[in-house]
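Spelled out from the first residue to the last, the chains are:
Protein chains: 2
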Amino acid sequence: MSLLVVGSVAFDCLESPYGKVERALGGAATYFAVAASHFTHVNLVAIVGDDFTSKDAEIFRGRTIDIEGLERATGKTFFWSGRYSENLNERITLVTDLNVFADFKPKLPEKYRRSKHVFLANIAPDLQRDVLQQVTNRPKIVALDTMNYWIERTNAELRETLKHVDILMINDFETRQLSSEHNLLRAAKHIFKMGPSTLVVKRGEYGAMMVDKRGVFCVPAFPLEEPHDPTGAGDSFAGGFMGYLASAGKANDAALRRAMVYGSVLGSFAVEKFGLDRLRSLKRNEIHARARHFAKLTQFSL
Amino acid sequence: MSLLVVGSVAFDCLESPYGKVERALGGAATYFAVAASHFTHVNLVAIVGDDFTSKDAEIFRGRTIDIEGLERATGKTFFWSGRYSENLNERITLVTDLNVFADFKPKLPEKYRRSKHVFLANIAPDLQRDVLQQVTNRPKIVALDTMNYWIERTNAELRETLKHVDILMINDFETRQLSSEHNLLRAAKHIFKMGPSTLVVKRGEYGAMMVDKRGVFCVPAFPLEEPHDPTGAGDSFAGGFMGYLASAGKANDAALRRAMVYGSVLGSFAVEKFGLDRLRSLKRNEIHARARHFAKLTQFSL
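These protein sequences, in sequence, are chains A and B. Per our numbering, the first sequence starts with residue 51, numbered consecutively. Per our numbering, the second sequence starts with residue 51, numbered consecutively.
In isolation and in its complexed conformation, chain A is listed as follows:
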């Protein structure tokens, strides 16, 4: 089934102890779309500047990603530059140039409007809501990511948008900030009152945790000896998660658990190399082999 994503497409300058890349294609919507395209057809809504070349667009063209919704504006594409600490557990943002992204007003092409699955990547909450209003009929699943910036500065807008969201997919810091509650179970109860019925907490090297009215499901992060670049791990997780759900066409407990695993699989591949390098070359059999590896990592019999 069709999966709509709205978010950023960006150029990243990335630096980690493993090297440096000056102009890597990145952005939440890019990571999400590439990850999800391993499972389903993706409709992309984003904006780029006139420095975005036909060669840059190749990443989308070879896949089941529709870019009719990729607006081209005069000016430069969103640019982000960051440096990771020696252990990759801290990130310093060096430059954030919003460029054409500053005036982004998402417009859904007609054929996107019947999308049954929607992922609202981390952008201003009023834009997220605006996208939802352009979708004809209520989608089956709406998932949303956000960040401290929006929680702090546009809290009322975010609360309004959350009323229309099924799955909130944020990290543990954001969960605690949004709910004003440290304990994640109690935080989930607060968040359920805001609209979402499912909370997915991304915990970096500790994996991810899903809470809904049926209970809790946890999946560890895949242990890697040499992660190279954490950029886009959360968006790749979201892409694997939503891509699987859209392809499965159902969202019962078993499907949501599998979505958590496929999200973790895509997130783990994303960090293996710089930027999109690993997701770009990823094969379906590698995805399934790693999912089976997750089973080995977690399964026991009593």
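Do not take every clue at face value.
Identical chains blur together in the list; that is why a pair holds if it fits in one copy or across any two.
Restricting the straight-line Cα-Cα distance to at most 25 Å, the calculated cross-link-like pairs of lysine-lysine (PhoX-like) are [said to hold, decoys possible]: (1) K190 / K243; (2) K239 / K346; (3) K157 / K263.
Hints in this document: simulated from the structure, not taken from any laboratory. Treat the numbers as computed from the prediction; the structure is a model and nothing was measured.
Got chain A; can you put chain B on it based on the hints?
Quick look at chain B alone, frame taken from chain A:
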């Protein structure tokens, strides 16, 4: 099969946002023994002062815990006082009075010397080694806990003791400190060269991870809405882990995975109330019910 533990028995003064207890029986060996006694017979080696009353010893008497090895010395029992932060994720030590523990020279009663499973709780590495030397024949499994104090101040002694250890059971901070390596997989490889063939990393609210030559196994922490007191969680984990292994009488991959789960089960109960209050009243059917709950928390089918 018999399980020997050497470590501290202490009185704790505990303070958390949920209340305060002035004189709670505690200490690593106490938590370990009570947790392990739900699975197997435990031989306890520790020292107490003359303030340790017959009433204090009741916690051991009602269980399969042999206290012939509990030495009584003139003076006061080890006393520890600590305060937890609002979210229980930080601990301030207010008082550490070693008292009779300062001159502890563990002596194994004759009948303990054939113990097949040994847990060396967090005490000076030379004392840990001394205990091992008193055991007749090589035990099937020797597990060890330690802390930053010994890693920093008696590193050579610790390295010597580790040569005789099968399972090292420490937290992630200690793992990184001992191995001088941030990445836990690479840290495990360093540690395997020191002696242990299995590394169990206790990660608090993030659960636990086991690494051996076969690979990695992860178990999450049990999500609790109202943990009251984290004291003794790691020792209760070790007690559940080693207690299960001793009762199973084997240590293949399936048994070690179950040990990780039972360790997590006991650790999760320990934090539900102050001190030993929850472990004290724990029933076997509650342990098995929670182990099944861990399955629900982690299992998926692809």
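**Request:** Go through the numbered hints given earlier and state which of them the structure violates, listing their numbers in rising order.
**Result:** Of the numbered hints, just 3 does not hold.
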